[in-house]
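One-letter residues, chain by chain:
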Amino acid sequence: MPELMYREALNQALAEEMERDANVYLIGEEVGRYNGAFKVSQGLLDKFGSARIIDAPIAELGFTGLSVGAAMVGLRPVVEMMTWNFAILAMDQIVNNAAKLRHMSGGQLRCPIVFRGPGGAGGRLSSQHSQALEANYAHFPGLKVIAPATPADAKGMLKAAIRDENPVLMFEGERLYAIKGEVPEGEHVVPLGKADVKREGSDVTIITWSRMYYFCMQAAEELAKEGISAEVLDLRTLRPLDEEAILASVRKTNRAVIVEEGWGLAGVGASVVDIIQSKAFDDLDAPVERVTGLDVNMSYAANLENATQPDAPKIIAAVKKVLYREGA
Amino acid sequence: MASPYSKELLLDMYRKMYLIRRFEERAGQQYTLGKIAGFCHLYIGQEAVAVGPVEALRPDDYMLSAYRDHGQPLARGSDAGMVMAELMGRDTGYSKGKGGSMHIFDIEHHFYGGYGIVGGQIPLAAGMAFASRYRNEDRVTVCYFGDAAASQGALHETFNMASKWKLPVIYICENNRYGMGTAISRIAAVPEIYKRASAYDMRGEPVDGMDVLAMYEAVKDAAEYCRAGKGPVLLEANTYRFRGHSMADPATYRTKHEVEEERKGDPIPKLRAYIKKQGLAQDDVFESIEEEVNVLVDQAVKFADESPEPSLDELWRDTIVEEGEEDVRPRERVLGQKVNWPTYPSGQELKVTWDLEPREQAEAADKKAGLIR
Ligand SMILES: Cc1ncc(C[n+]2csc(CCOP(=O)(O)OP(=O)(O)O)c2C)c(N)n1
Ligand SMILES: [Mg+2]
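As given, the protein sequences belong to chains A and B, one line each in that order.
In this text, residue positions in the first sequence follow the working numbering: the first is 1, and each later residue adds one.
In this text, residue positions in the second sequence follow the working numbering: the first is 1001, and each later residue adds one.
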């Protein structure tokens, strides 16, 4: 299987889907002649032309709403957000229109559209450019929210998102784009709404998604050296949550740690805890722990930035706490 | 001089304007009776702004509006009973009672909705027009919005793209001079909305929105311009709402005198006088049209009132499209009538021939700037 970077996997998914379906177009800032702010759309303008790879003005609300309108009448737009921080300007069109069209029209309309771009901390960019915002959107019925961690999932889930009949929001990561992994060629579609056990274990379940996955894997390896067997469950989709997979893993390990880049209050992890406490309370041998971004704005200074985010040592400490190991 | 308009066209316009007027009067009544709740924004006074354009357009041209949205679908041929049922929150409404007064959608008649976020429909319309260009169709999209919506950023972002990409969209600003209780002159640096088009090198014109024939001519011309690929048009229809902003508004921010003066410009008697003057019809004809419409609206109210509320199972439908799920066709579902439903070319059939930014143009610009690609 070929090794690809996360951004190349996305590029492949886009190219394949655009080849397969002429209703698919890509719009966003710098997606065309600049080949994408993070080079996800490298080479696509040459391949598909300027009506399908569209350099948009810096008008997030405008080009997002325009694309929602195009989706209402049969096209399948992919809207690239330069980063999700900027997509806050487009939130009205995503939340008030895309998520509600099916409902307001009583089932007459559908809105097959993908909004995608990097979320989370990019690295030394301070507070406006470093937000993990997926929890905001996971709140809204009418949307699907995905956040793949690996290149293979990035390709397979983008393909599934483009084929989905609903608005799908995809959270990538500036620090994920260069990560390499094996990616199946051609028709590789990963169904939305399904979590994936990325590492099997028996003592504790670490639940996560997106970039935090790599810290969790690192933590699991460290823990293995100490004889602790951690299962890593990659949620991949945040709306709808894969309850079955969460419960199955927790029922097996009886302990859970949830790792989330974003803030804890009203985070996705809070909902995961709720699922576990209401449906698997009797299976738990310890209270569920959460590792989240600190409840502060992200700083530029390297030490402050690092301290704000979850990392492997913090995850290891949380695991030891739910296992009642000394030193936790 | 003989009228350039056929008798059928003129009487059809009259019938449609009267239908909207009568429907809205009855809707107001039903609100007072507690049968309609929430926000209910009446169209009384603005009928010409819906009817002139509808007559000037093709039935398959796309149309959408804000929340003051009963007039356009009625003019396009939506079932009055099903619109009234939507207002009453009944299962037989166009959206099964899920949307209410502010969200009328009738896709069969290419009416793509009423939107409750001021200005939120403006980018959607550009996208629908974009889809038409993308598929090389000669369809136009018509988008209504209020004078207050003209101050939204969404409008400016959209006008820029619509003009740059020459999208076939006609924006009709219904300037009824107020956004809720705020006069446009109090909040707009330039209260003549049509002038905003010039900032985007886009065609913009004022129209007498109390004159159905003026609206008809303006939209006919604008549609031709759009279909010829020349780009978007902004029409500012100067109109007036005779009632409050919504049924909940007693409209104390305007004087009685102002409203009385404006009522003299009522578009319905104006058209009637024109038709009579042209000798195309006399009072008996209008009376029989009105009688027929009164009966139709009575029936609509009765139909709605006798309809059940949606079943609680409906709570779990129409939020996410499930795999293989079809779209709901309201008239088929409610009245058992076969309807034409829009279809789109598949991804393999569709050939996109449009070049949004022609390569030669881009390269010439680069060359001129001394850039090498
Ligand atoms: C974004 C947003 N802000 C405020 C409101 C509340 N609101 C509803 S209608 C309205 C006035 C709009 O006036 P205008 O655009 O002139 O339309 P008209 O009601 O006169 O037809 C306001 C402020 C809203 N629905 N959406
Ligand atoms: Mg107004």
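Hint data in this document are derived by calculation from the structure and do not stem from the laboratory.
Nothing here was measured: the structure is a model prediction, and the numbers come from that model.
The beta carbon of each residue, even a glycine, is placed where N, CA and C say it ideally should be.
There could be a bad hint or two in this list.
Below, computed lysine-lysine pairings styled on BS3-like, alpha-carbon distance capped at 27 Å [to be verified]:
(1) B:K1351 to A:K47
(2) B:K1035 to A:K47
(3) B:K1338 to A:K47
(4) A:K321 to A:K279
(5) A:K47 to A:K198
(6) A:K180 to A:K314
(7) B:K1035 to B:K1302
(8) B:K1195 to A:K39
(9) B:K1302 to B:K1166
(10) B:K1195 to B:K1220
(11) A:K47 to A:K180
(12) A:K252 to A:K279
(13) B:K1220 to B:K1164
(14) A:K180 to A:K194
(15) B:K1230 to B:K1195
(16) A:K47 to B:K1302
(17) B:K1166 to A:K47
(18) A:K225 to A:K180
(19) B:K1164 to A:K39
(20) A:K198 to A:K225
(21) B:K1302 to B:K1338
Derived DEER-like restraints, expressed as beta-carbon distance ranges [said to hold, decoys possible]:
(22) B:E1137 to A:E19: 52 to 58 Å
(23) B:A1037 to A:N303: 53 to 59 Å
(24) A:E243 to B:T1353: 42 to 48 Å
Going by beta-carbon spacing under 7 Å, a handful of chain A positions derived as facing chain B [as the list claims (entries may be wrong)]:
(25) D21
(26) A51
(27) L61
(28) V68
(29) G69
(30) G107
(31) N303
(32) L304
(33) A307
(34) T308
(35) Q309
**Q.** Unsatisfied constraints (hint numbers, rising)
**A.** 2, 3, 5, 8, 9, 16, 22, 31, 32, 33, 34, 35
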